[in-house]
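S.K.: These protein sequence lines are chains A and B, in that order. Position one of the first sequence corresponds to residue 1 (my numbering), numbered consecutively onward. Position one of the second sequence corresponds to residue 1001 (my numbering), numbered consecutively onward.
No wet-lab data here; the hints were simulated from the structure. Here a beta-carbon is modelled for each residue, glycine too, at the ideal position from N, C-alpha and C. A hint or two may mislead.
Claimed, not checked - Non-contacting residues of chain B with respect to chain A, defined by C-beta distances greater than 12 Å in every case (computed):
(1) G1031
(2) T1045
(3) G1056
(4) R1074
(5) P1088
(6) E1094
(7) L1161
(8) M1172
(9) E1197
(10) D1207
(11) E1283
Claimed, not checked - Ranges of calculated distance between the beta carbons of each label pair, as one might list FRET restraints:
(12) L287(A) x A1162(B): 34 to 40 Å
(13) V413(A) x Q1192(B): 37 to 43 Å
(14) A1171(B) x M322(A): 31 to 37 Å
(15) L27(A) x D1058(B): 48 to 54 Å
(16) A1162(B) x Q314(A): 49 to 55 Å
(17) Q314(A) x H1300(B): 46 to 52 Å
(18) W387(A) x S1288(B): 48 to 54 Å
(19) I328(A) x E1133(B): 41 to 47 Å
(20) K19(A) x G1163(B): 30 to 36 Å
(21) S24(A) x G1122(B): 38 to 44 Å
(22) V23(A) x R1198(B): 53 to 59 Å
(23) S24(A) x A1016(B): 39 to 45 Å
(24) A20(A) x R1198(B): 47 to 53 Å
(25) A1016(B) x W387(A): 18 to 24 Å
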Amino acid sequence: MSRVLSVVRREYLERVRSKAFIVSTILGPTLLAGILIAPILLTRQRGRALHVAILDPSGLLGSEVTQSLARRRAAGRERFVIEPPPPGTADQTRAALQERVVQGTLDGYLYLPPDALERSAAEYYGKNVSNVMDLQLMDKAVEDALVSRRLAREGLDPERVRSLTRRVDLKTIRVTARGAREDRGGSFLLSLVLMMLLYTTMAMWGTAMMNGVIEEKSNRVVEVVVSSLPASRLFAGKLLGVGAAGLTQFLVWAACLAAISASGGAAWGAAGAVPELSPFLLVAFVLFFLLGYFLYGAMYASIGAAVNTTQEAQSLAFPVMMPLILSIVFYPMVLAAPDSTAAVVLSLVPFFAPLLMFLRMTAVSPPAWQVALSMFLMLGAIAVITWAAARIYRVGILMYGKRPTFPEILRWVGRA
Amino acid sequence: MSESAIRLSGVTKAFAGHVAVSELSLAIPRGSVFGLLGPNGAGKTTTLRMVMDILGADSGTIEILGRPADQAARDRIGYMPEERGLYPRMVVDEQLAFFATLKGLSRREALRRVGPWLERVGLGEWRKRKLYELSKGMQQKVQFVATVLPDPDVLILDEPLAGLDPVAADAMRETLLDLRRQGKTLVLSSHQMETVERLCDSIALIDRGRKLLDGPVREVKARHGKNTVVLAFDGDGAFLAGLPGVQKVSDFGRYVEIRLAEGSDPQAILKEAATRLRLSRFEIVEPSLHDIFVEEVTAHGEAAA
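Extracted from the complex, chain A is given alone in its bound form (with noise of 0.2 Å):
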């Protein structure tokens, strides 16, 4: 037992130990952080407030768009100033705004034609017209008034009729056995944010196994090292080894990720927007991580012991790759209906439940059994998976030569 310690700690502190590791570790949490709070900031930063003039040559709706306009605010600031548009005929106050813009003293100018009314038209002449944002509020500015216009010719008060077309503020609160909470979205990026990381680092610290494993085959040390102790045991040891330095970095990354949803954003001024990573939720991703890296890292083990070169090795991982791009391909269909048959049968295939399973967890809370019953399977499934990978591992590692096919791998499972 103390040799497979042995391998399990130079594994362990060769990993660890390396600039590779501490770059990523480090460099995770960051991306992570960009991900789930860029989006926030960048919504509220939207840099100076614009200049405007409105040309308005009825003078029906000029003024009315101008108040709303200036009433907008954007990170307690004002988000346009309006500018009075020069004196002269139509043509030339247009020809001197026109000519404004172009030498980027104004950001634009709003024309309301005269038709504007019966035609339901207006125009924005910009230098930048791909602001989607503020384009909304002026298009939202400019209805309001042609609104407002054509309800006081019918005889009817606008902010009558306002008060009583409002519309409807849904929130949407998730309900669960902790508790309800407000969330504005961010629930769905969260499942999405917390699988992508599974993904990633399921696939990450697999490969890491697998070349590995190629590595010390093709340093021919695994001869000297299957000298001295099993086969089997050096297999265990180096997935033992290889997990816990997976495990290390999943740690820190899980510690950020529930440190960003603790604060909830609010260091950010976003309180709310990224929603609470719940205690159970996350030790249930570090039981996933740990199920899905065993069962992953086997696999890839033995297809690393298959072959003498990483460039070997990309075609023959596809099809270990295939169950972890396929959890990918399904997950919006399990998001949609968590609770469907589909979602369910798929949660609880071993292959896919580190994700899938996961995935409905975020989003729902599926019954225990279920979660109990995906976490028996995965074992289940672990404990062949390893067998027959360290049985391949046995023979691959001192195969040199031509890569073998996918079905003579199969066969070395039955050699002894």
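Chain B: place on chain A using the hints.
M.R.: Coordinates of chain B only, in the frame set by chain A:
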């Protein structure tokens, strides 16, 4: 002490379609240097791998130090495979300690032994360096230290002199003889018979998975008799092959080797040659292992045909 360090009885190993080792029986005496000799592909490495349980034998039994081969018995063997291998990015002393712990040594004890051994092979200052920073020759030394660090009773060295320059090869021979003086059993495997011939007390010759012969080197040579004559001369020696009692003449340019038939007298050849050629050398020699091997292969080939 008549007990064998390693004993193989009827060991057979077949790979998909071909038999690598067939019914091989060997007894390697304790405290001696044993040569496992044969051409490439003869089954040497496969045999050694079976001893180390890297490969399982299809049939037959293997005993180590008088007991059935198990993990504890194999812990007393140091094995250096033909294909050397270490971890390139690992620090030298960490690396040596790792391999020693795999043999059951404690990490502390292993690290304590690393210093003196590295000093002994002249790598004292390289202890904290990563392996890839060392030259190829230095890496070979580290590999050897990794094999001997756990102080095994038996050392199995596959092609121990391969890839060494003449100076390093001499140093290695010295070290091996030193280990023998300490009472270790050494098993040397090689396809270059002459290079290890001088080191070995006894040998086994194998070819295509079968043992051709084995025994103490002196006995093996005696069995094949002093029936080879080396002759150097000026003139045309074509007639030599036609002399009575001459089995075979091998021309090496500066001299010829004459293999005589059983019971024929070298003096008769000398007399005849002296009258017809200007001789500069005449010597009766023991056959080389190479010759014995060729002879045996031919004899077995004829027997099989």
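S.K.: If a hint holds in the structure, say so; if it doesn't, say that too.
M.R.: Verification of the supplied hints:
The claim that G1031(B) is not at the interface with chain A holds, since no C-beta of that chain comes within 12 Å of its own (minimum 22 Å). Separation of T1045(B) from chain A is inadequate, the least Cβ-Cβ distance of about 9 Å not exceeding the 12 Å criterion. Not every CB of chain A is more than 12 Å from the CB of G1056(B) (nearest about 6 Å), against its label as outside the interface. Its beta-carbon lying about 8 Å from the closest one in chain A, R1074(B) breaks the requirement of being farther than 12 Å from that chain.
Separation of P1088(B) from chain A is inadequate, the least Cβ-Cβ distance of about 6 Å not exceeding the 12 Å criterion. At the 12 Å boundary, the C-beta of E1094(B) falls inside the reach of chain A, the nearest C-beta of that chain being 8 Å off. Taking the minimum C-beta to C-beta distance to chain A, about 18 Å, the non-interface status of L1161(B) holds against the 12 Å cut. With a minimum CB-CB distance of about 18 Å to chain A, M1172(B) clears the 12 Å threshold, and the non-interface call stands.
With a least CB separation of 26 Å from chain A, E1197(B) remains clear of the 12 Å interface cut-off, as annotated. At the 12 Å boundary, the C-beta of D1207(B) stays outside the reach of chain A, the nearest C-beta of that chain being 23 Å off. E1283(B), annotated as away from the interface, keeps every beta carbon of chain A farther than 12 Å; the closest lies near 44 Å. At about 51 Å, the beta-carbon gap between L287(A) and A1162(B) misses the expected band of 34 to 40 Å.
The hinted range of 37 to 43 Å is satisfied by V413(A) and Q1192(B), whose Cβ atoms lie roughly 39 Å apart. Checked against the hint of 31 to 37 Å, the pair A1171(B) and M322(A) fails, with Cβ atoms roughly 54 Å apart. The given range of 48 to 54 Å is respected by L27(A) and D1058(B), whose C-beta atoms sit roughly 52 Å from each other. Between A1162(B) and Q314(A) the CB atoms are about 34 Å apart, so this pair departs from the stated range of 49 to 55 Å.
Between Q314(A) and H1300(B) the CB atoms are about 47 Å apart, so this pair conforms to the stated range of 46 to 52 Å. W387(A) and S1288(B) have their C-beta atoms about 52 Å apart, which keeps the hinted 48 to 54 Å range intact. For the pair I328(A) and E1133(B), the beta carbons lie near 43 Å from each other, so the given range of 41 to 47 Å is met. Separated by about 32 Å at the C-beta atoms, K19(A) and G1163(B) satisfy the suggested range of 30 to 36 Å.
Checked against the hint of 38 to 44 Å, the pair S24(A) and G1122(B) passes, with Cβ atoms roughly 39 Å apart. A C-beta distance of roughly 54 Å is found between V23(A) and R1198(B), which places it inside the suggested range of 53 to 59 Å. Distance hint check: the CB atoms of S24(A) and A1016(B) are about 42 Å apart, consistent with the given range 39 to 45 Å. Judged by the Cβ atoms, the range 47 to 53 Å given for A20(A) and R1198(B) holds: they are separated by roughly 49 Å.
The supplied range of 18 to 24 Å is met by A1016(B) and W387(A), whose beta-carbon atoms lie about 23 Å from each other.
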